[in-house]
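Based on the provided sequences and hints, a complete structural model is requested.
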Amino acid sequence: MVQILEKQQPTSPIIQLNEQSTVMESKGFNLWYGEHHALKDINLAMNENEVTAIIGPSGCGKSTYIKALNRMVELVPIVRTNGEVNYRGRNIFEKGYEVEELRTKVGMVFQKPNPFPKSIYDNIAYGPRIHGIKNKKILDEIVEKSLCGAAIWDEVKDRLNQNAYGLSGGQQQRICIARCLAIEPDVILMDEPTSALDPISTLKVEELVQEMKENYSIVIVTHNMQQAARISDKTAFFLNGEVIEFDQTDTIFSTPSDQRTEDYISGRFG
Amino acid sequence: MRYLQQEHVMKRMNKRLVWNRVWKGVFIAATSFALLALAILLYRILSQGMGYLNFDFLTNFASRIPENAGIKAALVGSLCLMAVVAPVSIILGVSTAIYLEEYAKKNKLNDFIRMNISNLAGVPSIVFGLLGLTIFVRMLGMGKSILAAGLTMSLLILPVIIVAAQEAIRAVPKDQREASYGMGATKWQTIIRVVIPAAIPGILTGSILALSRAIGETAPLVVIGIPVILQFLPTGMLDTFTALPMQIFDWAKRPQEEFQYVASAGIIVLMAVLIFMNSIAVFIRNKFQKRY
Amino acid sequence: MTSKQQESSPVQQMIAKSRNRKGKKVIEKIIPIGLFLAASISVLTTFGIVFTLIFETVEFFTRVSITDYLFGKEWLPFSGKEPLYGILPLILGTFKVTLIAILVAVPFGLGAAIYLSEYASERVRKTIKPVLEVLAGVPTIVYGFFALTFVTPILQAIIPSLKIFNAVSPGIVVGIMVLPMIASMSEDAMSSVPKSIREGALGLGATKLEVSLKVVLPAALSGIIASIVLAVSRAIGETMIVSLAGGSTPRFDFGVTDSIQTMTAYIVQVTTGDAGYGTTIYYSIYAVGFTLFIFTLVMNLLATYISKRFREEY
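Protein sequence lines correspond, in order, to chains F, Y and H. For the first sequence, the positions run 1 to 270 when the working numbering is used. For the second sequence, the positions run 1 to 292 when the working numbering is used. For the third sequence, the positions run 1 to 314 when the working numbering is used.
These are calculated hints, taken from the structure and not from any lab test.
Beta-carbon label-pair distances, calculated as ranges: (1) H/SER196 / F/ASP158: 26 to 34 Å; (2) F/GLU48 / Y/ARG12: 22 to 30 Å; (3) H/VAL50 / F/ASP140: 49 to 57 Å; (4) Y/ARG285 / H/SER196: 24 to 32 Å; (5) H/LEU44 / Y/ILE28: 42 to 50 Å; (6) Y/GLN5 / F/GLY28: 30 to 38 Å; (7) Y/LEU36 / F/GLN210: 52 to 60 Å; (8) H/ARG125 / F/PRO199: 37 to 45 Å; (9) H/ARG125 / F/GLN210: 43 to 51 Å; (10) H/ILE164 / Y/ARG285: 40 to 48 Å.
Cβ coordinates follow ideal geometry from the N, Cα and C atoms, glycine included.
The structure is reproduced here in structure tokens:
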């Protein structure tokens, strides 16, 4: 049954949902881990100042996909790709596109909080420093602005010189978000940013994502459907390395067009 | 307000990427230096020594004349030395490891034993030689014998064997022990029938590597004062003897150029013994690796 | 299940019989004692070393004043009439060789560690690490021969004033000898920095160089420093290389092109010669050995302290 459905669907065109300008899009994007075909013909477009959520059961490729968007996936040596992922109209896999350049524009927040074993201040200042900012006053301002942006300034402003490992998991994750904000990226990729956090910290991060979309475009992978419903504008449903459905979040959660999407969001599998 | 100006970031980007590549080259060069040093060392010794390495070299005793010099006494002496070192150091080392891993409670005495072992591993080998000279050679009256040198070497490599055996014992999964206890086995039965058999590959690998260190070790033998020019083979544990590294040391010190080649030939024999022992260790490690 | 059924099971009967054997209980009691005795051998060894050194050193100081020994700038034990036992020239000889060795081993060892841990592919790492192990397993006598017959002649071609016995050649070769130790211990320390922390930096657009130098290296610093301190300790105690290539001329100056003598080389010189038992020269090797022991012990304790005290918790 499923196979028949798949065969009936031709390579879908880029799904362009409204007139807002596209920041990132993938066209016919495929990815293999060795022999395993992990992402199959992905066509998605993500818009400026929107939150795009990617949901799906474990192993569906959602994490792989978000890691492909800033080429973190290349850290696995056996990965091969074809097709395009365009950032502002340029294919990020094109020869000569330096990953370092891409990643300063497309920042990432990881599943597990991963602050550096340094002080809170040095964690945030790391990015600006590698970009050549040495002026202490400017660094101070960036640190404050980023920590405010990640809604953690009030909690840590009196202990900026303490090791970031002394903070709670939720605080560490917001430090990592602040660290990402400090390089003033264009797109922020978040790979299940709340999966290691308690409910209260989760709520804080969710509120933060809502605020951040004023200034950034956000792509968030989540295993939590309620979370996707709460915070995203668009939602893509991944299954077995394919995009099953991509639409306005409201539509996906109220009237999904594909049976498999409905099964997943109503909790029948995954 | 944006603090990072795009043109500035992009201009800097190129510099950063170039630096990354340059330093990668530097790091590769550093690694190659080590590999190159080894290659030159091996090539040099092979090219110098091969001409002198023949069957007579293995079966002749030491001689004043380079062409007649042989390594028989040293080779046999080194093997005799290992015959003492292997059982003594392995039995003591494995027993200590079992004690520390399975019996030792967390208290000051056992912490002291652990700290003592790690410090003993850092004591220079020449100091062990002084210990052997005083205790074994003089105090216990063993003279410059195989036994005295063997016991000294055993103590020298003991910490290495203990640590290797400890790691091997620690790597035996807990559930295997529990399975044995669950059938009513006593502690010692569990150790001797479950833990040790499972840890044997690791213990053997570590022990062989430690023994190969002992066979190339020179300083303690020099201090104990074992002779170099011997025209006979040892017949018992209390006989005097000579050993491969001692023989090489003696040849290397001689002013005649020919003896350099003889020394190289001796080194080839020593390295051959080492490579043989190491390949056994690697073989055991690969054959029994990751069985759980 | 009743006890009667159990009694009747032949296996259980045999088990019960064996359990009541006296020997089994005795074994369980004796074994730990035996193992403890084996473990105490290593402690006895340490005591043996310390007492031997102290005992004979005290004997030495009944003949030579301790201040002359510690502050004397001349080491002339073989000058028949008025032998001088000032340790400083020997310490200086050891210091020169160690310094040169560290200057060689630290940059190359750390460079190799960074390459292996941060840049090299899994395949390259798996090929190179065993080669480094081989390098670490080469007997020191072989290195000594290499220094004397290969490195020294090459250096002499570059520096004409270099004597056949000098501090540079053994220094470089001791450096090559301890290089694998620094490389492999530092690589371990750097590899144990979690991957997620590297990803955090790479995700911000950092280059591998920036990740290595600004994130991984500082995080692994305690392990790296400990490896260097241990390498210093090894270099101080190294014997055969300096005996063969360093010479036997104790010298109180900072020159490196002339023949020198280290503490270890002195002990070798005496024990290969025929200084009789009970002479002052004989006791002097224990005093020198004790001095050497103190130096290496301090280094080893320092390394342990650094790696324990400053260990990063991730």
